[in-house]
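Trainee: Spelled out from the first residue to the last, the chains are:
2 protein chains.
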Amino acid sequence: MAERAALEELVRLQGERVRGLKQQKASAEQIEEEVAKLLKLKAQLGPDEGKQKFVLKTPKETLTGKYGEDSKLIYDLKDQGGELLSLRYDLTVPFARYLAMNKLTNIKRYHIAKVYRRDNPAMTRGRYREFYQCDFDIAGQFDPMIPDAECLKIMCEILSSLQIGDFLVKVNDRRILDGMFAICGVPDSKFRTICSSVDKLDKVSWEEVKNEMVGEKGLAPEVADRIGDYVQQHGGVSLVEQLLQDPELSQNKQALEGLGDLKLLFEYLILLGIADKISFDLSLARGLDYYTGVIYEAVLLQSPAQAGEEPLGVGSVAAGGRYDGLVGMFDPKGRKVPCVGLSIGVERIFSIVEQRLEALEEKVRTTETQVLVASAQKKLLEERLKLVSELWDAGIKAELLYKKNPKLLNQLQYCEEAGIPLVAIIGEQELKDGVIKLRSVASREEVDIRREDLVEEIKRRTSEPLCTC
Amino acid sequence: MAERAALEELVRLQGERVRGLKQQKASAEQIEEEVAKLLKLKAQLGPDEGKQKFVLKTPKETLTGKYGEDSKLIYDLKDQGGELLSLRYDLTVPFARYLAMNKLTNIKRYHIAKVYRRDNPAMTRGRYREFYQCDFDIAGQFDPMIPDAECLKIMCEILSSLQIGDFLVKVNDRRILDGMFAICGVPDSKFRTICSSVDKLDKVSWEEVKNEMVGEKGLAPEVADRIGDYVQQHGGVSLVEQLLQDPELSQNKQALEGLGDLKLLFEYLILLGIADKISFDLSLARGLDYYTGVIYEAVLLQSPAQAGEEPLGVGSVAAGGRYDGLVGMFDPKGRKVPCVGLSIGVERIFSIVEQRLEALEEKVRTTETQVLVASAQKKLLEERLKLVSELWDAGIKAELLYKKNPKLLNQLQYCEEAGIPLVAIIGEQELKDGVIKLRSVASREEVDIRREDLVEEIKRRTSEPLCTC
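These protein sequences, in sequence, are chains P and V.
The first sequence finishes on residue 469 if you use UniProt numbering, and the numbering steps up by one all the way, no holes.
The second sequence finishes on residue 469 if you use UniProt numbering, and the numbering steps up by one all the way, no holes.
This is chain P alone, in the form it adopts within the complex (with noise of 0.2 Å):
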């Protein structure tokens, strides 16, 4: 009991040395050195036997471990209660907490909500401090490869629904990348260094790279030259031929893994009609340490009508990949449960839109108001409050302004803003008469309809494929 009590506090120590480096923004190479002892001294600690209190929230440590260099963009906060808490980064953590606090093993879910990043915002270039991710996972034990296609099925299907231009979707495996390293030379304690180096080359060039790895990372150049032959190749199945006959990486057993599953993704792909979408780069080595298997991004290709604009800058519009070990982490007994999954960029997705269509110069309705009820005399309001109630029962989007007697070029005008296509006039006359005037914003004709007719006719001229109001 002594000695575990010792441990435990063994392991507080160095939680909080790793918390103080990283506060200090220590090297990368320093932290994981801290982080490793730390997870060792947690690993002798031993399972949970009951005696140990977990409460799974989303403890600082959890999530620093988990985003790797990212670690320094969570929003870390404090309760009153002397709470430590952090907004969560991403919607995969929680995912994972979330199975393994409710010992799930086999689900499938999309979930669309805001992550928090404490980054720099520039708003321009997509990067906010609050903003949506959508995000869809597969977790359970299932054959091979088949979810992992489904996920890029689905990508695929959101990317080409909205409309956004060609896209491209790099695929590439950790365990290749891991495998590559380690044929050319790589340190292990390097590894997630230099996976971030690699990944800039969507951005940079091979030569920035190289002097990264080497100048500030420390590699042997011999080292960053081999990696330089491998990452600079992409292409379709036939570069997992290539490469599984590749004599160096044919002798990694982890990479020969990797490039087997890629090849059975690759069939599927073919079957799932999506493989001329699909690159296998081995230059895609993205951020996140909680990646285990295949890894994948989707990029927007600039067509060459948009040669003359400027660059949209926003990076990978959709990402994802095989996360195996995360759920693990958050069980007491170390159960694993694997997963895969994507998430769709949709506040980059959503500049990218509103740029298109400024571009264009479209208008942009900001509500579905079909008809405005308005009064072409005062002491109407009345007539007014009655039809708009008889519409809103029939299921029609209408509105009215707010006033007791306004002038019906104010209310025509506001029409005219606000898009509204229908306006029903109430007028004297026309009360007496049993009619409502009909009147459409775009032709400006206006018709005689009868009261009792009024509902019909407007759901004939709202719901036909080109409205023609």
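A few of these clues could be false.
When chains are identical, the list treats them as one kind, so a pair holds in a single copy or across two.
[What the hints assert, rightly or not] Cross-link-like lysine-lysine pairs, in silico, DSBU-like; alpha carbons within 30 Å at most: (1) 217 to 22; (2) 336 to 407; (3) 459 to 25; (4) 40 to 432.
Please keep in mind that the hints were generated in silico from the structure rather than gathered at the bench.
Computed from a predicted model, the values in this text were never measured in an experiment.
Chain P is already provided as a structure; the job is to place chain V on it using the hints.
Mentor: For chain V alone, coordinates are given in the frame of chain P:
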């Protein structure tokens, strides 16, 4: 300048005193006293002339000043930069802040999102720590009571559509309450706290409320009795008329304003067809500080048939009111934007709907899958992937098991458990014949459909009003 700096320092110190009193859970009266001093000091600072940097976030003082006695329920957080943050307690204060920051004077919006309260969660009572709210608000200067009436119309429309049973909307007005307290002899400083007591009349008896006011809050018994004469009354527009004739109440300017507005409101509610759902209830006092005019709250009525059941005990299912002063508190120049709105208690309603479904023993599906793509023999995964891709591309909601060679029986069982109505079974013989066997899970009937007709057949069967799958 020195004067101003001194004033600012006084404001800061007074602010800390208020915070301190709250943390120590000092009496509401004492806090109110110090808050009033704080506001007077701030008022002396005068409007912003460009010298004072107004950083509009969600300052802790702002939140606590808005929620009255509920302010201890706010999640206060400090982030790693030392910034004081609070998690939003509702969607109304954020809305008001947003209007002020963006200088909006005229907007109508709905918002469905999570809010955070540091409450003692009682899951059966529908009181959570993190839960959804659904708000609708109309901001702007308009002719009186028209937007207020629309809010009530929307509230009734929503609650009716949800089919959760009969409901009643209680309506009152902050000015009537204040006027009534004044003529009854309630000291100004006790207004808010007496409000809280009166508000409990929907849950406890008048005797208990009177005891709290007299025994705990130091109200004179005869004052309490006078309050009792009023607050136990409720009715329709006739009660409004009656009180307009009340010799004492009609002497009070505030009360007269409130009664006049309620009279106008009832006229509009009759035109909108919902007056029968509305009750003018003088005991409705709603805990929040920021209401300035009409206030309303919807409660479910227990039907006679449910008399034998456990009372649901969830309180109100929707509420709202007019709050004309809130935006001005966030504007440096104190510019006011009148607002009125409502909040639907979605979590409470979910609880109710869940309980009802359980009682009916109705099975609730968690997915909308229409077809499972299955195989009758081994080595048909390829065909399943091709077919499911075809169905997905046609917009049909389909699934397949993530197994290379699943047993047919397991696939059928999966459909039973998940409530999937149709199975598209691929078999070796059927492949040769160019057909797919379409099976209805409910009836167990199977029929061979030509591959090229399958999509249409599935759409036909799944589109009928009463799905005849």
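Trainee: Each hint should be assessed against the structure and marked as holding or not.
Mentor: Evaluation of the provided hints:
no., hint, result
1, 217 to 22, "within (18 Å within a copy, 52 Å between copies)"
2, 336 to 407, "between (68 Å within a copy, 26 Å between copies)"
3, 459 to 25, "neither (62 Å within a copy, 58 Å between copies)"
4, 40 to 432, "neither (88 Å within a copy, 59 Å between copies)"
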